[in-house]
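Number of protein chains: 2
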Amino acid sequence: MGKLKVACFAVSIDGFGAGPNQSLENPLGEGGLQLHEWAFATESFQNTHGTGGGTTGNDDDFVKKGFENMGAWIMGRNMFGPIRGPWPNDDWKGWWGDNPPYHTPAFILTNHARAPIKMAGGTTFHFVTEGIEAALALAQEAAGELDIRLGGGVSTIRQYLQAGLIDEIHLVVSPVLLGRGEALFTNLDLAALGYRCTQRVPGEKATHFLIEKP
Amino acid sequence: MGKLKVACFAVSIDGFGAGPNQSLENPLGEGGLQLHEWAFATESFQNTHGTGGGTTGNDDDFVKKGFENMGAWIMGRNMFGPIRGPWPNDDWKGWWGDNPPYHTPAFILTNHARAPIKMAGGTTFHFVTEGIEAALALAQEAAGELDIRLGGGVSTIRQYLQAGLIDEIHLVVSPVLLGRGEALFTNLDLAALGYRCTQRVPGEKATHFLIEKP
Numbered sequence: 001m002g003k004l005k006v007a008c009f010a011v012s013i014d015g016f017g018a019g020p021n022q023s024l025e026n027p028l029g030e031g032g033l034q035l036h037e038w039a040f041a042t043e044s045f046q047n048t049h050g051t052g053g054g055t056t057g058n059d060d061d062f063v064k065k066g067f068e069n070m071g072a073w074i075m076g077r078n079m080f081g082p083i084r085g086p087w088p089n090d091d092w093k094g095w096w097g098d099n100p101p102y103h104t105p106a107f108i109l110t111n112h113a114r115a116p117i118k119m120a121g122g123t124t125f126h127f128v129t130e131g132i133e134a135a136l137a138l139a140q141e142a143a144g145e146l147d148i149r150l151g152g153g154v155s156t157i158r159q160y161l162q163a164g165l166i167d168e169i170h171l172v173v174s175p176v177l178l179g180r181g182e183a184l185f186t187n188l189d190l191a192a193l194g195y196r197c198t199q200r201v202p203g204e205k206a207t208h209f210l211i212e213k214p
Numbered sequence: 001m002g003k004l005k006v007a008c009f010a011v012s013i014d015g016f017g018a019g020p021n022q023s024l025e026n027p028l029g030e031g032g033l034q035l036h037e038w039a040f041a042t043e044s045f046q047n048t049h050g051t052g053g054g055t056t057g058n059d060d061d062f063v064k065k066g067f068e069n070m071g072a073w074i075m076g077r078n079m080f081g082p083i084r085g086p087w088p089n090d091d092w093k094g095w096w097g098d099n100p101p102y103h104t105p106a107f108i109l110t111n112h113a114r115a116p117i118k119m120a121g122g123t124t125f126h127f128v129t130e131g132i133e134a135a136l137a138l139a140q141e142a143a144g145e146l147d148i149r150l151g152g153g154v155s156t157i158r159q160y161l162q163a164g165l166i167d168e169i170h171l172v173v174s175p176v177l178l179g180r181g182e183a184l185f186t187n188l189d190l191a192a193l194g195y196r197c198t199q200r201v202p203g204e205k206a207t208h209f210l211i212e213k214p
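Residue numbers (this note's numbering), protein chains in the order written: chain E, 1 to 214; chain D, 1 to 214.
Isolated chain E (complex conformation):
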């Protein structure tokens, strides 16, 4: 069976994984885009979402690696979109246009059931209302021998960490202070949960840490 992995998850120096007040205009919260500037600058990101060009090096290698060997994705509803509460209609299909960058089944954690959405390029969004273990079981079935990537947001990752279900986190510390937002580490004792930092890799615009249960 594959591993459950968090990859390219960026926090500020002061530990925020998103800014405050997420909205349609600010999907990552106020100031949250700054967390990801290291990724936006890379060749891999620019090839997929941008205009081409972009940098190569450690930052780019990590972006690429985050998509390798993935057989399914899991993400929280706040990563899928800004809508809260019941779905008003079926219009919202994620932030990513017709051909999302996942190219696998993607399981969205939500309290509000919705029919699956088949997108171009191999991504199908499935809506899971039975909780994080149920989503993981579905993702494992879909992924087979491949790994599963757990996207954001912060509260989704915190839930999976607290349940001890994550095998590996590639955490990125971006050189920015947010001051407010969604704190990743507060009241979460990662050391007691068995996690250790096993690697530090300086990138061009941010610092990469590998966190695992040895």
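Since the hints were made in silico from the structure, they are not lab data. All C-beta atoms, glycine included, are put in the ideal place defined by N, C-alpha and C. Be careful, since some hints might not be right.
Stated by the list, open to error - Listing some non-contacts, in silico: residues in chain D with all C-beta distances to chain E over 10 Å:
(1) LEU33
(2) ASP90
(3) TRP95
(4) ARG114
(5) PRO116
(6) THR124
(7) THR129
(8) ILE132
(9) SER155
(10) GLY179
(11) PHE185
(12) ALA192
Unchecked claim - Subject to a maximum C-alpha distance of 30 Å in a straight line, what follows is the list of computed DSS-like cross-link-like pairs (lysine-lysine):
(13) E:LYS205 - D:LYS3
(14) D:LYS65 - D:LYS213
(15) D:LYS93 - E:LYS205
Once you have looked at the hints, place chain D on chain E.
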């Protein structure tokens, strides 16, 4: 007038500047020594406290720079020693032996008055019971045109940050998870206080950030 600077202040990836349960055996709290391994490895540290040898490079440059142009130090009582409450006697003279590495007047924040202690090498410990602004005024008078270095611990730095009195922080993120201990950032909105990260420098064993009010 010189600046009030924090230098070489290390936190874990999860934002702890010291481990839990500080004691005579664990001056930096349980697991806290790991935060400073980047510094222990350097030539500057080994020349002062160790057996010689040690590494050169960015980590070493920052250790050196942290002692340059300093005319006074301020530190919290927990950095000075493990004793809490009234001083039982005059025996405790810091962790550093007869010749502490400060070589300037050093102002210790405490609620319990005590006579100054003149050490070898130019360090004199002064005990200040009138609070952080009073300590800063005394340090400014002592330092003249030189800078003042604010040591730890975490709660001392947090008090000076909240009061907006710190001009520059050289923060170090060490590749370790502590899980528990003294959190530097919790409920402290550095962005709102006007601080920005102006520089990131990868070191050999840790990552260095310069935080200033531009």
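Verification of the supplied hints:
no., hint, verdict
1, LEU33, "14 Å, holds"
2, ASP90, "38 Å, holds"
3, TRP95, "25 Å, holds"
4, ARG114, "35 Å, holds"
5, PRO116, "37 Å, holds"
6, THR124, "35 Å, holds"
7, THR129, "31 Å, holds"
8, ILE132, "21 Å, holds"
9, SER155, "17 Å, holds"
10, GLY179, "3 Å, violated"
11, PHE185, "4 Å, violated"
12, ALA192, "5 Å, violated"
13, E:LYS205 - D:LYS3, "28 Å, holds"
14, D:LYS65 - D:LYS213, "19 Å, holds"
15, D:LYS93 - E:LYS205, "43 Å, violated"
The structure shown violates the earlier hints numbered 10, 11, 12 and 15.
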